[in-house]
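Residue numbers (this note's numbering), protein chains in the order written: chain A, 345 to 695; chain B, 15 to 125.
A hint or two may mislead.
Claimed, not checked - The calculated SDA-like cross-link candidates involving lysine to any residue, where the alpha carbons are at most 20 Å apart (straight line), are:
id : chain 1 : residue 1 : chain 2 : residue 2
1  : A       : K393      : A       : S676
2  : B       : K26       : A       : D609
3  : B       : K82       : A       : N606
4  : A       : K573      : A       : Q533
5  : B       : K82       : A       : Y612
6  : A       : K573      : B       : G53
7  : B       : K27       : A       : E608
8  : B       : K26       : A       : K572
9  : B       : K60       : A       : Q564
10 : A       : K352      : A       : E650
11 : A       : K572      : B       : T56
Unchecked claim - Quick partial rundown of chain A residues pointing at chain B, CB under 8 Å, derived from the structure:
id : residue
12 : T387
13 : L392
14 : A394
15 : H510
16 : G557
17 : F559
18 : L560
19 : G562
20 : S566
21 : D570
22 : K573
Simulated from the structure, these hints should not be mistaken for laboratory data.
For clarity, every value in this text was computed on a predicted model and none was experimentally measured.
We treat Cβ as the ideally placed atom computed from N, Cα and C, and that holds for glycine.
Residues per chain are reported as follows:
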Amino acid sequence: MATKSLHKRESDLANSNRQLEILSNGIFQNGELPTFKNKIAETNQFPLKAKKLEILQINVGYMCNQVCEHCHVDAGPDRKEIMTRETMQQCLDVIKNTGAHTLDLTGGAPEMNPNFRWFVEEASKAGIKDFIVRSNLTIIRANKKYYDLPEFFKKHNVHVVSSMPHWTRGKTDKQRGDGVFDKSIKALQELNAVGYGMPESNLRLDLVYNPSGAFLPGDQASMEKDFKKALKEDFNIRFHNLFAITNLPISRFLDYLIASENYEDYMYSLVEAYNPAAVGNVMCTNTLSVSWDGYLFDCDFNQMLELPVNSKVKHISEYNEAQLEGRNIVISQHCYGCTAGAGSSCQGVVA
Amino acid sequence: MQKTYYDPADLKKFGKISEWNQELGDKFFEYYGKVFEEGALTAREKSLIALAVSHTEQCPYCIDAYTKDGLQRGITKEEMMEALHVGAAIKSGATLVHGVQMMNKVNKLEM
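All chains should be built: construct the whole structure from the sequences, respecting the hints.
Spelled out as structure tokens, the structure:
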């Protein structure tokens, strides 16, 4: 199990250009597999264009208490990129005026940003319909100063979305680190205790499932049924919905695919599972991703690959919704991850 | 001609069997797809049965396909191994139950 980020290890793959090179070479260069651009062109879906903004996703920093093997952010305790209060203020100015119905805070572990609580308090006043915080669960048990997070989330009516790769200890700890399963179970029980995830409760608690290996997620509805049954029977835990998310071949997951000699087979699986119906609803068409330093991207994955939005507006300080609408989305072969099977997004399946 | 009887890449070409007999190929794949749909048994249960039978049939393509299918469905390795033992128990039971035939024959022939 890795304990350091690719950045800290000074790995070749910490470099986004190197990742993009890998994604364009080999099987995609020699024509064995079609590029994403050519594939979507077959159904006249190129160029992919941004529609009306619905979801503003803000990455408040890459620092995390975990070092998950599959992390596309390459997050970890050694990452120091943290959003400043000044950038948060610029985001708040946008949040107050946006037409977006969903605000989605992510990281790293967003709670580790020293200004996280201030930001949540201010943002919750803006009256956004759905206010998501992506919490890794273990942070709630990581230190006394985080123990009251369930109450804090409740007070600000935050919608909690949490990662949980499996309902068994073995599979969970293998992907996310030793002890993660037990801490996550405890955190879920505490969220349940304040009302999160209970049937009929307005305090939304959703779980994210992503495969712990070089395979695609199964059917979201059946997985949800299995998760619900097992977590209820074994731990009396309740939650609302399960989002099945495909691992995209970038950053630490790409590193894993290459090291385990699964890269080509995985790309084949993604291309074979390509679903043109998912293309119309991929999240980049209704989402904007803001990085810790305020730059704008089509999605969190493009942020990590340092592929900026294709627009005059590049930074949250110069934000202009009308100008960003209709922009051409920046694509590469990693995009196959969002169009496989029933499709994949931060909100689960899309087709 | 390839040097080995089995090539993992051939699994991807399974669909090609229809090229030499479209009608029967189509009927087979339609039937195959239907069998694995959620029914009185869940798709998950069917996947485990398929995994066990893949082993008793000793079909490398099927083992490849249904191991991956199981992982995708969140089936644990403990569940997979238990399913295999069901297949193995029937295989060995099927061998040994014929022992009764052997015993009958011996008893008939011996004075």
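Results for each hint:
1. Annotation: proposed proximity of K393/A to S676/A holds, straight-line Cα distance about 14 Å (limit 20 Å).
2. Simply put, K26/B and D609/A have alpha-carbon atoms about 11 Å apart, close enough for the 20 Å limit, and the pair holds.
3. With a CA separation close to 13 Å, the supplied pair K82/B and N606/A stays within the 20 Å bound.
4. The straight-line distance between the Cα atoms of K573/A and Q533/A is roughly 15 Å, inside the 20 Å bound, and the hint therefore holds.
5. Under the criterion of a C-alpha separation no larger than 20 Å, the hint pairing K82/B with Y612/A is consistent with the structure, at around 14 Å.
6. Taking the CA atoms of K573/A and G53/B, the gap is about 19 Å. The hint holds against a cut of 20 Å.
7. A distance of roughly 17 Å separates the Cα atoms of K27/B and E608/A; the hinted pair therefore holds under the 20 Å criterion.
8. Using a Cα cut-off of 20 Å, the hinted pair K26/B and K572/A is violated, with the two alpha carbons roughly 34 Å apart.
9. Simply put, K60/B and Q564/A have alpha-carbon atoms about 17 Å apart, close enough for the 20 Å limit, and the pair holds.
10. For the suggested pair K352/A and E650/A, the alpha carbons sit about 18 Å apart, so the restraint of at most 20 Å is met.
11. The hinted pair formed by K572/A and T56/B meets the criterion: a straight-line CA distance of about 16 Å does not exceed 20 Å.
12. The closest approach between the C-beta of T387/A and any C-beta of chain B is roughly 21 Å, which is over the 8 Å cut-off, so the hint fails.
13. Annotation: interface hint on L392/A violated; nearest CB of chain B at approximately 27 Å, more than 8 Å.
14. For A394/A, the interface hint is violated, since its Cβ never comes within 8 Å of a Cβ in chain B; the closest pair sits about 31 Å apart.
15. Proximity of H510/A to chain B holds as hinted, the smallest CB-CB distance being about 6 Å (cut-off 8 Å).
16. Using the Cβ-Cβ criterion of 8 Å, the hint placing G557/A at the interface with chain B is satisfied: the shortest such distance is roughly 6 Å.
17. About 5 Å separates the beta-carbon of F559/A from the nearest beta-carbon of chain B, less than 8 Å, and the hint is met.
18. Of the supplied interface hints, the one on L560/A holds, with its beta-carbon coming within about 6 Å of a beta-carbon of chain B, less than 8 Å.
19. Here the hint on G562/A is kept, as its CB sits about 4 Å from the closest CB of chain B, short of 8 Å.
20. Annotation: S566/A was flagged as interfacial toward chain B, and the flag holds, the nearest CB pair being 7 Å apart, inside 8 Å.
21. Among the interface hints, the one on D570/A holds; its C-beta lies about 6 Å from the nearest C-beta in chain B, closer than the 8 Å criterion.
22. Annotation: K573/A was flagged as interfacial toward chain B, and the flag is violated, the nearest CB pair being 11 Å apart, outside 8 Å.
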